[in-house]
Amino acid sequence: MALSQESFAWVADLVRRRSAIQLAGGKEYLVESRLLPLARDLTGGDVDAYVQRVRGGGHDGEHGRIVEALTTNETSWFRDSSPFTSLRTHVLPQLLSTRGSVAHLKVWSAACSTGQEPYSLAMTLTDALPPGASFEILATDLSEQVLTRARSGRYSQLEINRGLPAPLMVRHLTRVGAEWQISDGLRRTITFRAHNLLDPPPAGARFDIVFLRNVLIYFDAATKKAILDRVRRVLAPDGALVLGAAETTIGIDDSWQRVPVGTGSVYTPSRAGAAGGAPFGAPAGGPAGGPAGGPLAGGLPSPRVAPAATPAAALAGGPPGAASLAARAPLGRAVAAAGTAGSLLPRPRPAAAQPLVPGQSRPATTPRPVPAAASGAARGARPLPNASDRNPPGRSPFDRTTYDRPTPAATPVPPTRGAQR
Numbered sequence: 001m002a003l004s005q006e007s008f009a010w011v012a013d014l015v016r017r018r019s020a021i022q023l024a025g026g027k028e029y030l031v032e033s034r035l036l037p038l039a040r041d042l043t044g045g046d047v048d049a050y051v052q053r054v055r056g057g058g059h060d061g062e063h064g065r066i067v068e069a070l071t072t073n074e075t076s077w078f079r080d081s082s083p084f085t086s087l088r089t090h091v092l093p094q095l096l097s098t099r100g101s102v103a104h105l106k107v108w109s110a111a112c113s114t115g116q117e118p119y120s121l122a123m124t125l126t127d128a129l130p131p132g133a134s135f136e137i138l139a140t141d142l143s144e145q146v147l148t149r150a151r152s153g154r155y156s157q158l159e160i161n162r163g164l165p166a167p168l169m170v171r172h173l174t175r176v177g178a179e180w181q182i183s184d185g186l187r188r189t190i191t192f193r194a195h196n197l198l199d200p201p202p203a204g205a206r207f208d209i210v211f212l213r214n215v216l217i218y219f220d221a222a223t224k225k226a227i228l229d230r231v232r233r234v235l236a237p238d239g240a241l242v243l244g245a246a247e248t249t250i251g252i253d254d255s256w257q258r259v260p261v262g263t264g265s266v267y268t269p270s271r272a273g274a275a276g277g278a279p280f281g282a283p284a285g286g287p288a289g290g291p292a293g294g295p296l297a298g299g300l301p302s303p304r305v306a307p308a309a310t311p312a313a314a315l316a317g318g319p320p321g322a323a324s325l326a327a328r329a330p331l332g333r334a335v336a337a338a339g340t341a342g343s344l345l346p347r348p349r350p351a352a353a354q355p356l357v358p359g360q361s362r363p364a365t366t367p368r369p370v371p372a373a374a375s376g377a378a379r380g381a382r383p384l385p386n387a388s389d390r391n392p393p394g395r396s397p398f399d400r401t402t403y404d405r406p407t408p409a410a411t412p413v414p415p416t417r418g419a420q421r
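Residue numbers (full-length UniProt numbering): 1 to 421.
The hints are simulated quantities; they were obtained by calculation from the structure and are not laboratory data. Glycine residues also receive a C-beta, built at the ideal position from the N, C-alpha and C atoms. Hints are supplied without guarantee of correctness; some may be wrong.
Estimated spans, in silico, between C-beta atoms of each pair [claimed, not checked]:
#, residue 1, residue 2, range
1, SER76, GLY44, 33 to 41 Å
2, ASP41, THR174, 17 to 25 Å
3, ASP184, PRO131, 29 to 37 Å
4, THR174, HIS63, 33 to 41 Å
5, LEU30, ARG55, 17 to 25 Å
6, ARG55, GLY100, 37 to 45 Å
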């Protein structure tokens, strides 16, 4: 029997109260497919009858199973690779610049599902941290079922094929029958624990990096703000929050600021709300967001070459007319800031041709070579010109002259009727 609207409404309310996830109308097919394995145990596969029996009482243990079945999300190794690349190239160097090379970093992987994300984090940190630095990862999820799988660290070949690079597989996993087993060393860096994001954060925790990806999209605005507030309480002032590609704090919680890193972005407690340390992206011991500091200072990379003090200095040694141009303040400043005076100044034009005096011969000039396509066209052939014929190396298409233009083949003009005798 198909799931009735009454049963769907009861399931949606149960999931909302337990996990704050909203099951909007139209998701009946999802509920039926997820609850079908549970219904086989009690009602032979009738999902609607299963829900009605659970509602009737005496099956409170099924409530948790229903919530777990409907909150297990999709996951894979190094999912959306950009956050892991940014972690290696931007976030870790910034944290190490303020903590020192012997830092001990704490990472929280929230809503970790079956463990691919925290294990991907552990592989990244193992490769990226310098000798002497260490880390530990807390991985949490609402579902005890998925946490049991994550703790085992054992995955099928199909799961391994979903995003795990072969070199990392060989380094960190071993083959056990038809499955692959995470190494003991990597597993020891991760602690798996059941946790509901609606509950207070883990007691006494203080994290440098929090991965909370592809989770907020399931909540309403009020719940998103509440979760972000809980995360901010346990994130170090110079720490980084990583969200999913479709998620943001903008317009939800103003106590966060977005910091572009690499091809993505991270979020850090705003400077107004940060206390006890320099905000992420600010140099240690210096003003927050000042020009000096790590790769994220001010959100922009530092210039490779210091700009010239004055426009005249920037234009020194430039083409003729540079000095007079530098005296014009607006344009001069723009050229100085760009630092490429020669490319911005107009090149001097060649002297105009002088008219010939009667009796004077034209100076001898060397005509430009005629492309092969042009000579062929003069003989009546119509080959397709190649790129080098259209635009010889070192010349612009705008430099072409009449010498370069193919001469069309002459077409004989038939004699007029009157000329035929």
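A quick look at each hint next to the structure:
1. SER76 <-> GLY44: 33 to 41 Å: At 34 Å between Cβs, range holds.
2. ASP41 <-> THR174: 17 to 25 Å: About 35 Å separates the Cβ atoms of ASP41 and THR174, which means 17 to 25 Å is violated.
3. ASP184 <-> PRO131: 29 to 37 Å: About 21 Å separates the Cβ atoms of ASP184 and PRO131, which means 29 to 37 Å is violated.
4. THR174 <-> HIS63: 33 to 41 Å: holds (39 Å)
5. LEU30 <-> ARG55: 17 to 25 Å: holds (19 Å)
6. ARG55 <-> GLY100: 37 to 45 Å: Between ARG55 and GLY100, where Cβ atoms are some 57 Å apart, the hint is violated.
Taken one by one, the earlier hints fail for this structure at numbers 2, 3, 6, listed in ascending order.
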